[in-house]
Amino acid sequence: MTATTDFGGSPIPRGDQPVRFVRADTVAASPPPSSEVGPIAWIRHHLFTGPLNIFLTVVIAALALWLLPGLIRFLFIDAVWSGKDREACIITEARPVVGACWAFVAERAGYFTYGSYPIPQRWRVDTFFVLLGLGVVWLLSMRLPRKDLAALYFFVGLPIISYVLLVGVPALGLPYVETTLWGGILVSIVCSAVGMVVSLPLGILLALGRRSSMPAARLFSVTFIEFVRGVPLITVLFMASVMLPLFVPSYLQPDKLLRALIGIALFASAYMAEVVRAGLQALPKGQYEGAMALGLPYGLMMRLVVLPQALKITIPNIVNTFIGLFKDTTLVVVVGIFDFLKAIEAARIDPRWAAPTVSTTGYVYAAIFYFICCYLMSRYARDVEARLAKADKR
Amino acid sequence: MKTLITAALGAALALSATTAFAQQKQSTLDAVKQKGFLQCGSNPGLAGFGLPDAQGNWTGLDVDLCRSIAVAIFNDPTKVKFVPLSAKDRFTALQSGEVDVLIRNGTWTMSRETSLGLEFTGVNYYDGQGFMVRKSLKVASALELGGASVCVQQGTTTELNLADYFRANKLELKPVVFATSDDTFKAYDAGRCDAFTTDASGLYSERLRASKPDDHIVLPEIISKEPLGPAVRKGDDQWLDLVKWVHFAQVTAEELGVTKANVDQMRKSENPDVKRLLGTEGKFGESMGLSNDWAYNIVKHMGNYGESFERNVGAGSPLKIARGLNALWTKGGLQYAPPIR
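Heads up: the protein sequence lines correspond to chains V and C, in order. Per this note's numbering, the first sequence starts with residue 3, numbered consecutively. Per this note's numbering, the second sequence starts with residue 58, numbered consecutively.
Chain V with its partners taken away, still in its complex shape (with noise of 0.2 Å):
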């Protein structure tokens, strides 16, 4: 402090004159030393706080260095970005490394995202996924209003415009379209949609039943959880698809991607279920005797009062489930049906394009679709939770 002191003067006030020892005016606060600001000072403070923090910073930028430069080689300075076939890719004379050969997934884009669905009716396909994007933005964003009509929107009129838009309809004027012809990330992305959209209300009704006191519906949701959980995913699909036509009859049997994506649904509600019921728990005791000292009857006690809080605070773990579920459809493979990663898998070994680094390269792309994919989806996750702890605070 540097306030000024009277040394001449007596301490002791004199007549009614005042001394005036207060200062008016704020002092400005002196700046931090130099040691504490600035880039240098953040990267001591975080990167080199102790031995241990040293010592991970090293080795992390060791592992960098040493991975990034070949990395960004690969992907890009040494990368083949355009060509008809394995012409453009392979080792010649001229040209003896050849990084990621971009120009096999330009050519087979249309490929990786269709499948095998007709040329002139894969606008069906673009219109679907700019319906589902539209859906997913609108129930997602916290600044869109109506969420009660994105929610009808996203749960019930999406999946029978899609139906109408993917299968068709030939009295509308769109030609019917075999799924066997679907594949790609159309593939990947209906798996998932139709889970996601399933496995939500189903999954809140077998929680609601596993904690109902009601006998029959507590065992048959504890019965049907716990035997599901108890399966792993690629079994159901496998007895979807190859047990269930022993034992119906040909013309009884649903459709192959159907059956994928009834034992994909089925199978994402039961983790569901168990997601939901640990929000349910999660909630006081008081939230439930509350709403019955208000009188409210079971069904709306659950709509207005636990089912909004259980299913805040569960966000994050149903987005976690979602990512599992996502990367989970990629075992549709083992039943012949050509999702994203199976059609990537079929383009790579066409000889057409068989060259050094074209496996690779497909394998690159796949991963960085389902990171963006899943990324976008933790990233979101982590808002809310960011947002309901803020919310909690106050």
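Source of the hints: derived by calculation from the structure; they are not laboratory data. C-beta: ideal position from N, C-alpha, C; glycine also. Heads up, a few of these hints could be off.
[Said to hold, decoys possible] Some chain C residues close to chain V (C-beta under 10 Å, calculated; not the full set):
1) LEU103
2) LEU108
3) GLY113
4) LYS145
5) ALA150
6) GLN152
7) SER153
8) GLY154
9) PRO270
10) ALA384
Since the structure of chain V is provided, determine the placement of chain C on it from the hints.
The following block gives chain C in isolation, referenced to the frame of chain V:
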């Protein structure tokens, strides 16, 4: 509980019995005609045999045979629904009636025919295990591979055949095994082993993937028998005949020099063999429940066996597989069709 289980079992049995009954009542050919399309079990992805192209259309030698059957029945190569089947569910799919014919590079073996309830109709591709080595190794025969390290995929018949062959020829073997075929070839390409072994058709497609394809040669020895052909359900001889003779018709067409390009001229030919094949003489198509110009339609749309071979796996394709065992019997191969008469 017990009665419930009994009831459920009874219902399941009754249901499967009606299924079996429904299948027996109607012949496969009639069922296919009624559906309006052929359901063909195909490989989910094998270079040259069954693979979707950039537009998603199926192409390959096996795929062509499926289309040829569709042409024989409907005179339309697009009336096929391809059902990609994994190695695990292919036979179930055939037994359950999900597919009408299975053309999925299945190896014709005795146990498959005697115990799986299916019947192979012929061989549309004679495959067998072979070796690939670097040219710089200066090896001309598999018998010179004693002491060589061989890259092979783990847990396959390929691995067993390899061990058998080396033991039978008293050669020292150093196998280097990998879990997937991709890893196996990558290791060979990186120089981990002297030789690489898999089915001969696979060797050609893998070689294209090598960093320097011209540095590698495929050795002439074939050490195993892998006759690949279509399979149908047992118990429907009419359908068996049809699938069998579609292949034979294409082989006969090649033998007689009937091609996609000249089939219309050949129809006017005076050669009695050609006349019988193309349906200008006799009623061979009708005897199978088809029209008499069934073989004409096949050649017109799909070409003869040789054309299909060259287009998909031979000189006209990137694979460039030599005809070898798959040449006509008149040219030193094994493709031989009984006469149409």
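Structure-based check of all given hints:
1. LEU103: holds, 7 Å
2. LEU108: Cβ of LEU108(C) sits 6 Å from chain V, so the hint holds.
3. GLY113: holds, 3 Å
4. LYS145: holds, 7 Å
5. ALA150: Status holds, d = 7 Å.
6. GLN152: OK, holds: GLN152(C) within 10 Å of chain V, min 8 Å.
7. SER153: At 4 Å from the nearest chain V Cβ, SER153(C) passes the 10 Å test, so the hint holds.
8. GLY154: Holds, about 5 Å.
9. PRO270: At 7 Å from the nearest chain V Cβ, PRO270(C) passes the 10 Å test, so the hint holds.
10. ALA384: Since the shortest Cβ distance to chain V is 21 Å, the answer is violated.
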